[in-house]
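Asks: Sequence:
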Amino acid sequence: MLFKLAFKNIRKSIKDYAIYFLTLLIGVIIFYVFNAIETQTAMMNVQKSTYDIIQLMNSFLSGVSVFVAIVLGALIVYASNFLIKRRNKEFGIYLTLGMSKGRMSAILFVETLLVGVISLILGLGLGVVLSQFMSIVVSNIFEADMTGFRFVFSMAAAVKTCIYFGIMYLVSMLFNAISISRCKLIDLLHANKKSEKLKLRNPILCLIIFIAAWVILGVCYYLVNVKINEISPRKDMPIIIVAGCIATFLVFWSISGSILTVARAMKKLYYRKLNSFTFRQFSSKANTMVISMSLICLMLFLTITMLGSSISLSRSMNKNIRELAPCDAIFVKPLGITGSLYGGDNPYADALKEDAKKPIIQSLNEGGVDCSLFDETTTAFYYDCLGLNMDKTLGENLKPALGMYMFIAPDSFEGIMTESDYNKVAHVFGAEEVTLGKNEYAMVANLEIMIKIRSEVMESGRELEYNGFTLKPAYDRCLEGSVFMSETRSNEGVIVVPDEAVSGVNKTKEILYVDYAAMSRQELLDYDEKIVEQMNSIHYISTTTSVDTREGLKRDSVGLGATLTFISLYIGIVFLIASAAIISLKEVSESTDNIERFAVLRRIGTDEHMIDMALFKQIGMFFLFPITVAAIHSVFGLNMVKKIFESFGMGSLGIPLLITAIIIVAVYGGYFLLTYATGRRIIKG
1 MLFKLAFKNI RKSIKDYAIY FLTLLIGVII FYVFNAIETQ TAMMNVQKST YDIIQLMNSF
61 LSGVSVFVAI VLGALIVYAS NFLIKRRNKE FGIYLTLGMS KGRMSAILFV ETLLVGVISL
121 ILGLGLGVVL SQFMSIVVSN IFEADMTGFR FVFSMAAAVK TCIYFGIMYL VSMLFNAISI
181 SRCKLIDLLH ANKKSEKLKL RNPILCLIIF IAAWVILGVC YYLVNVKINE ISPRKDMPII
241 IVAGCIATFL VFWSISGSIL TVARAMKKLY YRKLNSFTFR QFSSKANTMV ISMSLICLML
301 FLTITMLGSS ISLSRSMNKN IRELAPCDAI FVKPLGITGS LYGGDNPYAD ALKEDAKKPI
361 IQSLNEGGVD CSLFDETTTA FYYDCLGLNM DKTLGENLKP ALGMYMFIAP DSFEGIMTES
421 DYNKVAHVFG AEEVTLGKNE YAMVANLEIM IKIRSEVMES GRELEYNGFT LKPAYDRCLE
481 GSVFMSETRS NEGVIVVPDE AVSGVNKTKE ILYVDYAAMS RQELLDYDEK IVEQMNSIHY
541 ISTTTSVDTR EGLKRDSVGL GATLTFISLY IGIVFLIASA AIISLKEVSE STDNIERFAV
601 LRRIGTDEHM IDMALFKQIG MFFLFPITVA AIHSVFGLNM VKKIFESFGM GSLGIPLLIT
661 AIIIVAVYGG YFLLTYATGR RIIKG
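Following my numbering from start to finish, the sequence shown increments by one per residue and tops out at 685.
Hints were generated in silico from the structure; no laboratory data involved.
One or more hints might be untrue.
The calculated lysine-lysine pairs, modelled on DSSO-like cross-linking and capped at a C-alpha distance of 27 Å, are [claimed, not checked]:
#1 K452 <-> K643
#2 K424 <-> K358
#3 K357 <-> K452
Could you put together the complete structure from these sequences and hints?
Replies: Next comes the structure, spelled out in structure tokens:
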């Protein structure tokens, strides 16, 4: 009997369940798709190092799933409360007819269970289909061999989804039972006759606080964009974040009174059609949604920032590999024999001292690396800086970088290269070569802020003392260039001096740039991985030579980019769903209050089109304000992120923001249209 009644209730209230069901369905799909990546990628034929990166990415996604489950669980509880409020009168009739609260809770339990089971089945079905496309995306990102691709169902992801959502439903049912137990018959029967009191705050006070809140936000924007180089990430940033959150709360606290004040001042707008009714409705309800709208705004801000920055960062890192890894491999061998590495406590100290005296090719051959497959090679050297550090070369100009980059310090020693060696390196990287006089020097870097700082030094004509030479700038700017291969722009600077200036100076590093002989793609990958394995083996511990390969850097870059993108998509879409669903459920749950108000409008002769437009504007304002404030936050937030990640060469945000906008319009806009359609049906009775 209970099952039959619950089933009839679902059929009767199917439109009321639409937003709730859609939220559950999308939640299940997203949860399954991202948790199925592990199973999907397990069948891919990739290099061992690539497989390790994919496994690490899967571990991150599994950890994030716990957080996602908590967010979705809170959303399900919130949605369940909406359904109870929507059906207050129905439950009141049940009590009037003699049904116990326990039996009524049982009906709600069965209804929630049925909706949950249906959403799980449909969500898992759609998730299984969509996860196949996700596996293709992942395979393209990691350049996997998909010749053995087949349709895969992830039992582990399905079980995890069922367990997590099962727990969410049980918690929701518990809250439902508590809500029903606290219901009073008179409140249930007269719920539809109660309307929210029009609580208008002092409009002048609201306007003052509204302006003050934006002043605080303006200061925060200024600090994280203009003064980003001068603030401390540990001390100042938490204060700025807290101030921004409080100011956002004050914006929404004051918006109800301030927007009504401004609207009233614009009489042509205020008295046009039903705008006066719409503004007062918004002002009244905005008072009850201050906390929720503030949280929604912050979640949308995080969504836009995370999606935009992660996609841009991933694209930029891939671009960096093409520019900053121009050869197949680079070997770096320290030539100095000082320090703890060569001390008596190291059992390989003697071997290391002997190895430091050998040419790098000899060390590689003795270490088991097959150098016969090296096609083109270029060798360059670093020289002893003779105590020349950044404090001496840059002085006061260095201060802007000290607070931002942990690897930069006043006592950091400068890298010294000769003109002839650097020009060979510049040829490898396709960079501008240098031309120096006998007593001139040049500076080269690729980290944006260091290029700016070193350019100021060069422009000032600062002279340097090195090995008995007094060197003056050969250029009025720092040249952009690289020495070591990397997936990021991390070259904080190299000083290029004339060849004769290093006479008698010890060499500190030997650098070998290598291009392999012509071979197939798979042979290149196998050879590349064999070199890395050989140099990381126990047999190679007697040399300090290190290696970076283009393929290795590419794997690391792609792995980091993919991990950041997937995590951002995962959290961002869930936040987006939660934000849109909260507004939707809040608006639809209060549609009962609107029935009588819109009925009054009909009785005084208002046509249906004007009523529909008034409802459209009212719901639109609740959706529009949080996303607008979030978008303003994001403009400055993304600019700050771009400056922080400038070492990654973070480029244009145009395409990433376009992708983000498409996702937001699809999800957020979809919820808005569904909310309007549901609200319109309710007020029409």
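Asks: Please flag the earlier hints that this structure goes against, numbers listed from lowest up.
Replies: 3
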